[in-house]
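Q: Given next are the chains, with one letter for each unit.
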Amino acid sequence: MAMRIPLALFAVIMVAGVLLSLVLPEYHLRLLNLSVISAVAVIGLNFAFGYAGLISLGHAAFVGMGAYGLAILTTRYGWSPWSAMPVAVAATAVFAGLIGFPLLRLKGHYLALATLGLNVSFYIVASNWIALTGGTNGIARIPELHIAGRALSGEREFLWFGLLVLAAVAAVASILHVSRHGRAMIAVRDDEIAAEMTGIDATAVKIAAFVLSAICAAIAGCLFACHMRFIAPEDFSYAHSITYLAMLIVGGESSIAGAILGSVLLTFLPEWLRFLGPAYLVLFGILVLGILVFLPKGIVGLARFTPKPPKLAAPTPVPTPEAGS
Amino acid sequence: MADFIQLLVNGLAIGSVYALAAIGFVIVYSATGVVNFAAGQFVMFGTFAGVAMLVNARLPWPFAYGAALAVMALFGALFFLVVYLPLRRSSVVTIIIGTVAISITMQNAALLTFGSWPFRLPSPVEGKTVALGAAIISTHALAVVGVTATMVAGLWLLFNRTTVGIGMRAVAQDIQAARLMGLKVNRLLALSWVLAALLAGVAGLMLGPMWFADVSMGDPIALKAFAATIIGGFGSLPGAIVGGLLVGLSEVLGASYISSAYKDLISFGIMIVFLLVRPQGVFGEKIQDRG
Amino acid sequence: MNVLEARGISKRYGGLAALSDIDLKVGAGEFVAVIGPNGAGKSTLLNVLTGLVMPDDGQVLLDGRVVTRTATHQRIRAGLGRTFQQGRTFNRLTVLENVMTGAAIRRDLGEAALRRTAMAILEQMGLSAEADEAIGSLSYGRRRMVELSRALACGPRILLLDEPAAGLNSGEVDQLADRLSELRAKHGLAVVLIEHNMSMVMRLAERIMVLNFGCRIAEGAPSAIQADPAVLSAYLGEGYVHAGM
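Protein chains in written order, with numbering that gives the first Met the number 0: chain A, 0 to 324; chain B, 0 to 290; chain C, 0 to 244.
Next up, chain A with everything else stripped away, as it sits in the complex (with noise of 0.2 Å):
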């Protein structure tokens, strides 16, 4: 009974996915592809923000870092990306593991700031630690995927594979959600005292989630690298971190299809405002503020249809216990 939703989930992202891999034209699959990329790179976000309630603005870096990771072992060392993957990956989640013990003691906007500036750090060391990542002209002529002797070449053949790693992350992710971890997770956001009070060790959830981001990000990095088979610092600037989040609060946050319907609409919609011509970005942050003032719960808000609670004041927050009664 517990598969049921992860298998759900995992069958619909592959249907529709391959369903509309067969009709859409070259330049739609493309979105989609890097659509589905960026989802898997949500997907992680979701666990830290959504769930433990980080608010990571340094996400992208760990997308870089996966991505950076594949692309050297590969160039550099002749490794091929079947091997550099798992490599690329362990080695980001051991980082997110050791940068998360100083760095999530840190709470709200902190936070925020925190992981800013350690993308912001990573952007400026990938852009002048030319002799291990190239510097600012990036890593280029990354070797493709090859699948039983066949390589992955052109859009569609790669959406499968992308889909298929999707749907993999998804239904884990899924069945994370409604066991015991994901529900600490979250008790961790609502009320970390309370979730102290009921035994669960608020810190090492944290830290578990910033890694599990972290694995999923890196992922991301390595379809991206294999996809691409080119990267530079500013495909995993901070404003791609910004993106992700975005794409995540559009999509509606706490929510597996929230984080791929909001990857999906903001990486298309600036191609279907495309027809304004320059004035497309600027409607395109109108749109997002639009987004977030009417649809506060995300995308997946409107499928909620559940009747409005009675409205509860939220029990005051006592981040510090004062001197009192």
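Everything labelled a hint here was simulated from the structure, so no lab data went into it. One or more hints might be untrue.
Said to hold, decoys possible - Here are a few chain A residues that sit away from chain C, every Cβ distance over 12 Å (derived from the structure): (1) Leu-33; (2) Tyr-76; (3) Val-93; (4) Pro-101; (5) Lys-106; (6) Val-124; (7) Ile-185; (8) Leu-264; (9) Thr-266; (10) Trp-271.
As the list claims (entries may be wrong) - Calculated lysine to any residue pairs in the SDA-like style (CA-CA distance at most 20 Å, straight line): (11) Lys-262/B x Trp-128/A; (12) Lys-106/A x Ala-70/C; (13) Lys-24/C x Thr-67/C; (14) Lys-185/C x Gly-28/C; (15) Lys-106/A x Leu-182/B; (16) Lys-106/A x Asp-189/A; (17) Lys-296/A x Leu-264/A; (18) Lys-262/B x Lys-106/A; (19) Lys-106/A x Arg-277/B; (20) Lys-183/B x Gly-32/B; (21) Lys-296/A x Pro-85/B; (22) Lys-24/C x Asp-62/C; (23) Lys-262/B x Thr-135/A; (24) Lys-106/A x Ser-235/B; (25) Lys-106/A x Val-91/B; (26) Lys-106/A x Leu-275/B; (27) Lys-262/B x Ile-123/A; (28) Lys-296/A x Asp-189/A; (29) Lys-106/A x Gly-32/B.
Virtual Cβ for every residue (Gly too), placed ideally from N, Cα, C.
Given the coordinates of chain A, work out where chains B and C should sit on it, guided by the hints.
A: Relative to the frame of chain A, chains B and C by itself:
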């Protein structure tokens, strides 16, 4: 030694600009709780308001500056109405994303209006220099420091000696109590945004001649302003000043003495160290998470 | 050996002494009430006992082991439990999921076992009908019962309750008192109760400690406390002295 003095003055000048941007950011944060990620674009707008009035409309200096600042004040009020009011009950993250979204709109609106080529915004003391021993100091840089100091003094007077300013501080401390005291809270909140926009405008007008006026200049400035507020102490005005000066100095001195490529890393490095070791910054209160 | 012990706990906030040299001993299955006017230091004491606040002086012991600097979640695992004045629930989880979060303290239980354990507790507390409800749809009194159920799901040997009757109507207060009696009888649960509701305190407490301005001004059996002049003068004028006595 002469080099060092020149660098010091330049660092203080850039730092003053960052300080003004940071002060605007802190005013808005203290009064409304909003972490305004469009703070950098406000400064960019200030610079380009100057470009529009000085370069395009060719107004004489006092009128140009006055008109530019008037435009900024109007923009601040508009921002309050269109961005702050609809989002004021939303979560921290939603507001962050909202201000980022508008930041994209602002940057691209400027791009549409002015194009992507950088402009040259002249200064009233263009090209003039002052000799301090063997050091040649740009008069503009000195003027920037002077103007900033004056504005900081003006702000002190505003917040400590005027009813309006004290009202703004009241709103910043406890909005409910302020309401109960009969203060016109919405008006004071709008005023906070207008004030922040004006400060950013001044910053932009002074920064323009030191750099180039470029529609993409907003983001780097925002990052420096954030670093400044973290280092100085998040809700603190003196902190914003100290933080801004520190960031400006570390950038200019770091570029010369350590590495030009990694100069930005130095200010972020300092910011991260502060976040890890002393998140309340130099002056700030020990609150880690505002409401 | 006492289940919970506080020895010489002191806590200052700037110039204010929130707690001054407080001792408290609770044996297995004992029911102790802590009363006192607002600002007396009662919640601060609970915060020190549960590890949310570090005392300036003194020790906290759980089953004879010093836990003064131990992390909160580890104390909960060692058998301590606590509810809050505001009723802190996880608002994005359902009622059942809230209680399952407590039951998950047992790492060996699988998902189905967690569900069963949680449902059993909800049935005991009379909440099984609302098991799948969102927290937001519950009344304040019911929400506090959910919080209590969650605390019980952690299997505590001693429960610290911070004004559990606040905001409840008299029917709910009686229900709560009945439940607490049952739990003590069934599981040998020790309780430290902070309360202003004197009828509840008099009904359930074996021993009462009275705090005022961070100091212990009296401790003893309920009847003795009722007559204690120091206690009466601390409460003078507030009218609580006469309620239900």
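Q: Indicate, hint by hint, whether the structure satisfies it.
A: So, going through the hints one by one against the coordinates:
1. Leu-33: holds, 31 Å
2. Tyr-76: holds, 41 Å
3. Val-93: holds, 24 Å
4. Pro-101: holds, 17 Å
5. Lys-106: holds, 16 Å
6. Val-124: Answer for Val-124/A: holds, closest chain C Cβ roughly 35 Å.
7. Ile-185: violated, 5 Å
8. Leu-264: holds, 23 Å
9. Thr-266: Answer for Thr-266/A: holds, closest chain C Cβ roughly 28 Å.
10. Trp-271: Its Cβ never comes within 12 Å of chain C, the nearest being 33 Å, so this holds.
11. Lys-262/B x Trp-128/A: holds, 14 Å
12. Lys-106/A x Ala-70/C: Roughly 19 Å separates the two Cα atoms, so the pair holds.
13. Lys-24/C x Thr-67/C: holds, 15 Å
14. Lys-185/C x Gly-28/C: The given pair, whose Cα atoms are some 10 Å apart, holds under the 20 Å limit.
15. Lys-106/A x Leu-182/B: Violated - the C-alpha atoms of Leu-182/B and Lys-106/A are around 32 Å apart, more than 20 Å.
16. Lys-106/A x Asp-189/A: At roughly 13 Å apart (the allowed maximum being 20 Å), Asp-189/A and Lys-106/A satisfy the hint.
17. Lys-296/A x Leu-264/A: holds, 15 Å
18. Lys-262/B x Lys-106/A: violated, 27 Å
19. Lys-106/A x Arg-277/B: holds, 13 Å
20. Lys-183/B x Gly-32/B: Holds, at roughly 18 Å.
21. Lys-296/A x Pro-85/B: The given pair, whose Cα atoms are some 15 Å apart, holds under the 20 Å limit.
22. Lys-24/C x Asp-62/C: It holds: about 11 Å lies between the C-alpha atoms, which stays within 20 Å.
23. Lys-262/B x Thr-135/A: The hint holds at about 16 Å.
24. Lys-106/A x Ser-235/B: holds, 18 Å
25. Lys-106/A x Val-91/B: holds, 11 Å
26. Lys-106/A x Leu-275/B: With Cα atoms ~12 Å apart, Lys-106/A and Leu-275/B stay inside 20 Å; holds.
27. Lys-262/B x Ile-123/A: This hinted pair holds, its Cα atoms lying about 9 Å apart.
28. Lys-296/A x Asp-189/A: holds, 16 Å
29. Lys-106/A x Gly-32/B: holds, 15 Å
Going through the hint list in order, the structure does not satisfy hints 7, 15 and 18.
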